[in-house]
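J.: These protein sequences, in sequence, are chains A and B.
For this note's numbering, count along the first sequence from 1 and bump the result up by 394.
For this note's numbering, count along the second sequence from 1 and bump the result up by 5.
It is worth saying that the hints were derived from the structure and are not from the lab.
From the three backbone atoms N, C-alpha and C, an ideal C-beta is built for every residue, glycine too.
Certain hints may be false.
If you want the footprint, here are the derived chain A segments under chain B, 3+ residues with CB under 8 Å [what the hints assert, rightly or not]: (1) 412 to 421; (2) 428 to 436; (3) 440 to 450; (4) 459 to 466; (5) 479 to 490; (6) 497 to 510.
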Amino acid sequence: MNRNAHHTLHHPKWYRVQKPIFWWVKRFADIRFIFRELTSLAVAYSVILLVVIYRALLTSEAAYTSLTTTLREPFWVTINVIALGAVLYHTFTWFNLAPRAIVMRLGKWRIPDLMIAGGNYAAWIVISGVIYLAYVSG
Amino acid sequence: MSAKKSNDPFFWTLFGAGGALSAMLIPAFLFLFGIATPLGWVEGPAYESVKMVLLHPLARIVAFFLVSLSLFHGAHRFRFTLYDGLQLKHLFQLIAVICYGGALAGSIVTGYILW
Numbered sequence: 395m396n397r398n399a400h401h402t403l404h405h406p407k408w409y410r411v412q413k414p415i416f417w418w419v420k421r422f423a424d425i426r427f428i429f430r431e432l433t434s435l436a437v438a439y440s441v442i443l444l445v446v447i448y449r450a451l452l453t454s455e456a457a458y459t460s461l462t463t464t465l466r467e468p469f470w471v472t473i474n475v476i477a478l479g480a481v482l483y484h485t486f487t488w489f490n491l492a493p494r495a496i497v498m499r500l501g502k503w504r505i506p507d508l509m510i511a512g513g514n515y516a517a518w519i520v521i522s523g524v525i526y527l528a529y530v531s532g
Numbered sequence: 006m007s008a009k010k011s012n013d014p015f016f017w018t019l020f021g022a023g024g025a026l027s028a029m030l031i032p033a034f035l036f037l038f039g040i041a042t043p044l045g046w047v048e049g050p051a052y053e054s055v056k057m058v059l060l061h062p063l064a065r066i067v068a069f070f071l072v073s074l075s076l077f078h079g080a081h082r083f084r085f086t087l088y089d090g091l092q093l094k095h096l097f098q099l100i101a102v103i104c105y106g107g108a109l110a111g112s113i114v115t116g117y118i119l120w
């Protein structure tokens with residue numbers, strides 16, 4: 395049996411300054427940070443939309459047509475414009491931060507940050523172009 | 006004394022994979038399906054064509070990983086937005102369960118719909 399059965403650890407109460415909820419509205423850099431974090435909601439919305447499209451496709455042609463008609467409503471177009479703006483901000487900030495998360499080397503040569511970010515942008519443009527061409531060519 | 010094992014590297018990996026995949030694929034998809042076609046800028050493909058492409062087994066696999074990893078990416082980022090933005094650090098466990106639980110539930114529902 396543990397001889398120190400009644401021993402309890404001393405937990406010091408940390409001194410923490412309580413921040414107000416809207417601490418981030420005073421500086422532009424903080425607003426940008428919070429906006430970047432909130433792009434997570436737009437990303438989640440977008441993939442949920444993809445699942446809804448899949449569900450309509452698998453249900454029937456009428457369900458798919460009904461969905462495309464709904465997406466023409468100004469409300470949904472507005473939501474999608476806002477979501478696209480947020481997702482593009484996510485894309486740009488993600489690619490710009492990529493060189494800080496991935497340090498790539500070829501032998502002793504460290505690949506410059508600009509090349510890593512540029513590679514991401516190039517891949518994005520090519521992939522988006524392929525999706526666009528596949529879509530419009532029907 | 007053994008150090009407490011953290012789950013953060015695991016969720017950070019999902020966050021990173023989902024962030025990269027969503028950054029690459031979502032803008033084109035959202036622009037075409039959510040804006041360009043509804044506004045008549047491009048003519049959307051016929052039902053049969055969309056069905057043929059999106060229901061291809063490879064497309065379903067890509068869609069599943071895109072959806073699931075993006076949900077985990079969103080959950081991880083939103084979790085820290087609530088901690089840091091709204092200063093809800095005292096609800097640490099509840100927020101983590103809701104965010105990651107939501108992503109897991111979303112992934113299961115997606116898998117069920119896709120197959």
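J.: Check each numbered hint from earlier against the structure, then list the numbers of those it violates in ascending order.
T.: 6
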